[in-house]
Amino acid sequence: MKIKKQLEQKDNNTKNTRREFLKKGVLAGVGTILAGGIVTSFNATASGKTVNVLGPDGKVKTVAKEHLKDIGKKTEAQLQKAGREGIPNRRWVMVIDLGKCKNDQRCMEACQTHHQLWTSKDGKGDKVQHHINVHELKRNEKSGGFFMPKTCQHCDNPPCTKVCPVDATYKRDDGIVLIDNLRCIGCRFCVAACPYSARVFNWHNPKDEEKYADKKYNVELNVPQKRGTVTKCVFSADRLREGELPYCVSACGNGVFWFGDENEDAVTNGTTKETVRLSKLLKDNAAYTLMPELATRPRVYYLPEKDRIFPFESKKKEGDVNHHA
Amino acid sequence: MSEKKSLNKIVTDLTKPIKNHRWFMLWILFLLSVMGFGLFGWITQLTEGLGSTALTDYISWGLYISGFIFFVATALIGMLISSVLGLLGIKWITPIARIAELIAVGFAMWAGLIIVFDMGRPERLLNVFIHGRLQSPITWDVTVVMTYVTISILLYLLPLIPDMPFLKKTMTDAPKWKQKIYSILSFGWVGSPEQYKIIKRSIKVLAVLIIPVALAIHTVTSWLFAMTPRIGWDSTIFGPYYVTGAFVAGGAAVMIAMYVFSRTYNLKEYITDFHFDKMGKLLVLLMLVYLYFNINEYIVPGYKMKQGDDIHILNLFVGHNAKLFWSVQICGMILPLILFLFKRMRKPLPAMIISIAIVIGAFFKRYIITVPTLEHPAFPADNVPAEYLIYWPNWVEWSITMMAIAGAILIVTILAKLFPIMPIWEVAHEEGITNEEMNEFEV
Numbered sequence: 001m002k003i004k005k006q007l008e009q010k011d012n013n014t015k016n017t018r019r020e021f022l023k024k025g026v027l028a029g030v031g032t033i034l035a036g037g038i039v040t041s042f043n044a045t046a047s048g049k050t051v052n053v054l055g056p057d058g059k060v061k062t063v064a065k066e067h068l069k070d071i072g073k074k075t076e077a078q079l080q081k082a083g084r085e086g087i088p089n090r091r092w093v094m095v096i097d098l099g100k101c102k103n104d105q106r107c108m109e110a111c112q113t114h115h116q117l118w119t120s121k122d123g124k125g126d127k128v129q130h131h132i133n134v135h136e137l138k139r140n141e142k143s144g145g146f147f148m149p150k151t152c153q154h155c156d157n158p159p160c161t162k163v164c165p166v167d168a169t170y171k172r173d174d175g176i177v178l179i180d181n182l183r184c185i186g187c188r189f190c191v192a193a194c195p196y197s198a199r200v201f202n203w204h205n206p207k208d209e210e211k212y213a214d215k216k217y218n219v220e221l222n223v224p225q226k227r228g229t230v231t232k233c234v235f236s237a238d239r240l241r242e243g244e245l246p247y248c249v250s251a252c253g254n255g256v257f258w259f260g261d262e263n264e265d266a267v268t269n270g271t272t273k274e275t276v277r278l279s280k281l282l283k284d285n286a287a288y289t290l291m292p293e294l295a296t297r298p299r300v301y302y303l304p305e306k307d308r309i310f311p312f313e314s315k316k317k318e319g320d321v322n323h324h325a
Numbered sequence: 001m002s003e004k005k006s007l008n009k010i011v012t013d014l015t016k017p018i019k020n021h022r023w024f025m026l027w028i029l030f031l032l033s034v035m036g037f038g039l040f041g042w043i044t045q046l047t048e049g050l051g052s053t054a055l056t057d058y059i060s061w062g063l064y065i066s067g068f069i070f071f072v073a074t075a076l077i078g079m080l081i082s083s084v085l086g087l088l089g090i091k092w093i094t095p096i097a098r099i100a101e102l103i104a105v106g107f108a109m110w111a112g113l114i115i116v117f118d119m120g121r122p123e124r125l126l127n128v129f130i131h132g133r134l135q136s137p138i139t140w141d142v143t144v145v146m147t148y149v150t151i152s153i154l155l156y157l158l159p160l161i162p163d164m165p166f167l168k169k170t171m172t173d174a175p176k177w178k179q180k181i182y183s184i185l186s187f188g189w190v191g192s193p194e195q196y197k198i199i200k201r202s203i204k205v206l207a208v209l210i211i212p213v214a215l216a217i218h219t220v221t222s223w224l225f226a227m228t229p230r231i232g233w234d235s236t237i238f239g240p241y242y243v244t245g246a247f248v249a250g251g252a253a254v255m256i257a258m259y260v261f262s263r264t265y266n267l268k269e270y271i272t273d274f275h276f277d278k279m280g281k282l283l284v285l286l287m288l289v290y291l292y293f294n295i296n297e298y299i300v301p302g303y304k305m306k307q308g309d310d311i312h313i314l315n316l317f318v319g320h321n322a323k324l325f326w327s328v329q330i331c332g333m334i335l336p337l338i339l340f341l342f343k344r345m346r347k348p349l350p351a352m353i354i355s356i357a358i359v360i361g362a363f364f365k366r367y368i369i370t371v372p373t374l375e376h377p378a379f380p381a382d383n384v385p386a387e388y389l390i391y392w393p394n395w396v397e398w399s400i401t402m403m404a405i406a407g408a409i410l411i412v413t414i415l416a417k418l419f420p421i422m423p424i425w426e427v428a429h430e431e432g433i434t435n436e437e438m439n440e441f442e443v
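Chain order of the listed sequences is A and B. In this text, residue positions in the first sequence follow my numbering: the first is 1, and each later residue adds one. In this text, residue positions in the second sequence follow my numbering: the first is 1, and each later residue adds one.
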């Protein structure tokens with residue numbers, strides 16, 4: 001994706017110097033693509049391992065692998081530090097429009113893909129993990145059913161971070177509740193304390209563990225997942241840092257999700273990319289939060305499902321119990 | 001009681017079981033094989049991850065946590081018997097106080113270990129000390145459990161000191177390492193009035209100290225649940241509810257140990273029908289208080305049947321946990337309570353059998369407190385396999401829990417083989433034997 005984007009950029013902008021161009025990390029390999037590297041020398045070396053790179057003149061050159069140097073990539077320690085500090089001057093907030101959800105579950109799929117989570121399609125289907133889940137609920141016997149995407153609520157008064165004995169899960173200044181999989185001892189007290197069942201555990205080896213083996217741990221992505229630790233929705237903090245919307249928000253095709261910054265009082269719709277005033281959206285649409293009686297003060301708001309744009313079709317069998325709405 | 005016993009007889013009677021090793025090795029072998037199987041279970045769990053247990057994202061606490069509460073609960077009896085009753089000057093506890101203290105040491109130590117089995121990352125245990133946070137109930141729990149284990153060990157060791165000279169004099173044919181232990185643990189005891197004064201005062205200080213610590217350890221354990229906003233755990237009486245339940249479990253465990261030791265160690269003259277009768281009466285009192293807390297815990301939400309509470313209560317009363325719920329409530333509390341009202345049931349054998357029912361009931365009561373609450377999350381378990389809400393521990397969890405139980409019994413067994421099961425000097429005091437007579441004791 002990135003390489004394609006930047007190649008297009010090259011066509012449009014031939015003024016790029018070679019140095020700048022390489023800095024952007026454009027390296028096209030035959031069969032391999034390495035993003036974020038810089039060539040320190042073009043001489044082949046003893047190891048004989050070479051990589052084909054696309055030079056500034058548009059020609060492919062072969063260079064020794066040792067001469068590629070990582071630039072612009074944070075070390076694990078830097079990632080950990082940034083993950084604790086959060087994104088300055090932001091107060092992230094999510095608004096979920098229940099009238100627009102038709103249970104497509106594209107949000108769930110995107111989330112599972114990017115966060116290295118087990119899905120029902122993997123293996124025997126006995127390992128399923130969700131950072132975001134879509135519930136089917138009913139407010140009472142007489143009212144109609146509706147679908148409710150549920151992420152971590154990123155509470156301002158989180159019951160989960162309070163009980164963590166090692167400060168592995170914590171609340172950041174930008175409103176996000178994160179979990180550090182390198183510190184978590186796996187006691188699952190936070191799982192017990194969360195009233196929204198938003199937290200899941202890595203009971204088994206993480207999915208595609210080998211594939212992620214050399215990846216640096218990014219606390220803002222919760223990847224690579226670590227067995228024996230808790231994982232949860234992180235509001236796609238890694239995406240927010242790059243100025244992008246969360247994975248689930250972008251994946252939705254029905255305009256369910258609004259995401260933005262409370263400080264700016266603006267939220268953007270993941271589907272239409274329309275940006276509106278947060279305060280007005282909440283005020284005009286009778287926004288509410290989940291289980292307000294617990295005073296957890298969620299950062300995720302819901303707009304009631306009045307004026308549904310899709311007909312509701314239950315997927316549940318008779319006798320299933322809905323506990324809460 | 002019967003006629004006075006001589007010091008010679010007391011020393012002989014109490015040191016004889018330490019020398020006699022019949023059946024001992026076989027029993028140890030049995031405990032070790034149970035533990036070996038548990039170790040195999042733990043290795044399986046370490047290699048495959050906690051996924052090798054029956055736990056899921058919804059039922060994420062199960063047998064280990066239930067077991068943990070059970071172990072802490074059982075350990076609490078040391079505080080009640082040797083401390084509270086001791087400070088009140090109640091005499092009949094003299095021959096059983098050390099048994100209670102042994103159970104406290106053994107079970108409290110394994111309570112700390114069983115928590116490690118529940119951890120997804122046991123190798124990060126030190127994080128609790130490196131990154132420990134004051135606001136987490138787990139930090140409080142770790143602190144008080146360690147304090148309780150320490151004070152319990154001291155309360156076990158201090159009253160041993162005046163017994164050491166007797167052991168040194170009588171156990172002349174014991175192996176060298178054993179005699180060395182006896183020497184070290186006597187801490188230069190000669191039986192001077194000054195030493196008696198110091199030891200009695202030290203024991204008293206510890207006995208007072210352990211009361212708040214013991215209350216704290218089990219109250220904090222209950223807070224692991226009560227501090228979360230979950231239906232079934234979100235209760236203001238969880239602290240005292242747990243503490244009173246703990247005394248019932250521990251009292252019954254002491255009763256079983258009394259029976260076993262009085263029979264295998266041939267100490268029927270010391271632990272008599274009178275002691276079983278007294279323990280039975282004590283258990284009646286403890287169970288009455290516990291029953292009172294049970295009524296409050298279940299009838300109050302059961303009367304109102306608020307949304308959420310109703311699902312939990314109905315599940316316990318008539319739902320799929322009803323069989324287990326009523327079994328533990330009736331066989332583990334109500335029936336024993338009624339039976340112990342009759343003098344004939346407070347005789348050693350029936351008292352021991354009833355106590356076994358109480359202990360088993362106490363174990364599964366902790367399961368009933370832990371698991372059913374998790375079976376009813378506030379939001380339905382959508383898009384996950386149906387099994388995520390159905391839990392029954394598998395062999396890995398059972399084997400590891402059995403290892404913990406066998407391990408606690410192993411500690412009790414070994415300590416009861418190294419040192420007399422009753423304080424010789426205190427028993428002698430009760431028989432009117434003076435300190436001088438004890439100091440002059442020769443085989």
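No lab work stands behind these hints: they were computed from the structure. Quick reminder that beta carbons are idealized off the backbone N, C-alpha and C, glycines included. Take these hints with a grain of salt, some might be off.
[What the hints assert, rightly or not] Coverage of chain B stretches by chain A, computed from C-beta distances (three or more under 8 Å per stretch; other residues unrestricted):
{"no.": "1", "stretch": "133 to 140"}
{"no.": "2", "stretch": "370 to 379"}
[Said to hold, decoys possible] Pulled a few chain B residues facing chain A out of the computed Cβ check, cut under 10 Å:
{"no.": "3", "residue": "G49"}
{"no.": "4", "residue": "W61"}
{"no.": "5", "residue": "R121"}
{"no.": "6", "residue": "F225"}
{"no.": "7", "residue": "A357"}
{"no.": "8", "residue": "V359"}
{"no.": "9", "residue": "I360"}
{"no.": "10", "residue": "V384"}
Now the hints, each set against the structure:
1. Given a C-beta distance limit of less than 8 Å, the hint that chain A covers the stretch 133 to 140 of chain B holds, as 6 residues qualify and 3 suffice.
2. By the rule of at least three residues with a Cβ nearer than 8 Å to a Cβ of chain A, the coverage given for the stretch 370 to 379 of chain B holds, with 5 such residues.
3. With 10 Å as the threshold, the beta carbon of B:G49 comes within range of chain A, its nearest partner Cβ sitting at about 5 Å, so the hint holds.
4. Among the interface hints, the one on B:W61 holds; its C-beta lies about 6 Å from the nearest C-beta in chain A, closer than the 10 Å criterion.
5. The criterion of a C-beta within 10 Å of any C-beta in chain A is met by B:R121, whose closest approach is roughly 4 Å, and the hint holds.
6. For B:F225, the suggested interface contact is upheld, since its CB lies about 8 Å from the closest CB of chain A, less than 10 Å.
7. Violation of the interface hint for B:A357 is found here, the shortest Cβ-Cβ separation to chain A being roughly 30 Å, above the 10 Å cut-off.
8. Using the Cβ-Cβ criterion of 10 Å, the hint placing B:V359 at the interface with chain A is not satisfied: the shortest such distance is roughly 26 Å.
9. Interface hint status for B:I360: violated, as the beta-carbon distance to the closest one in chain A is roughly 26 Å, over 10 Å.
10. The beta carbon of B:V384 comes within 5 Å of a beta carbon in chain A, closer than 10 Å, and the hint placing it at the interface holds.
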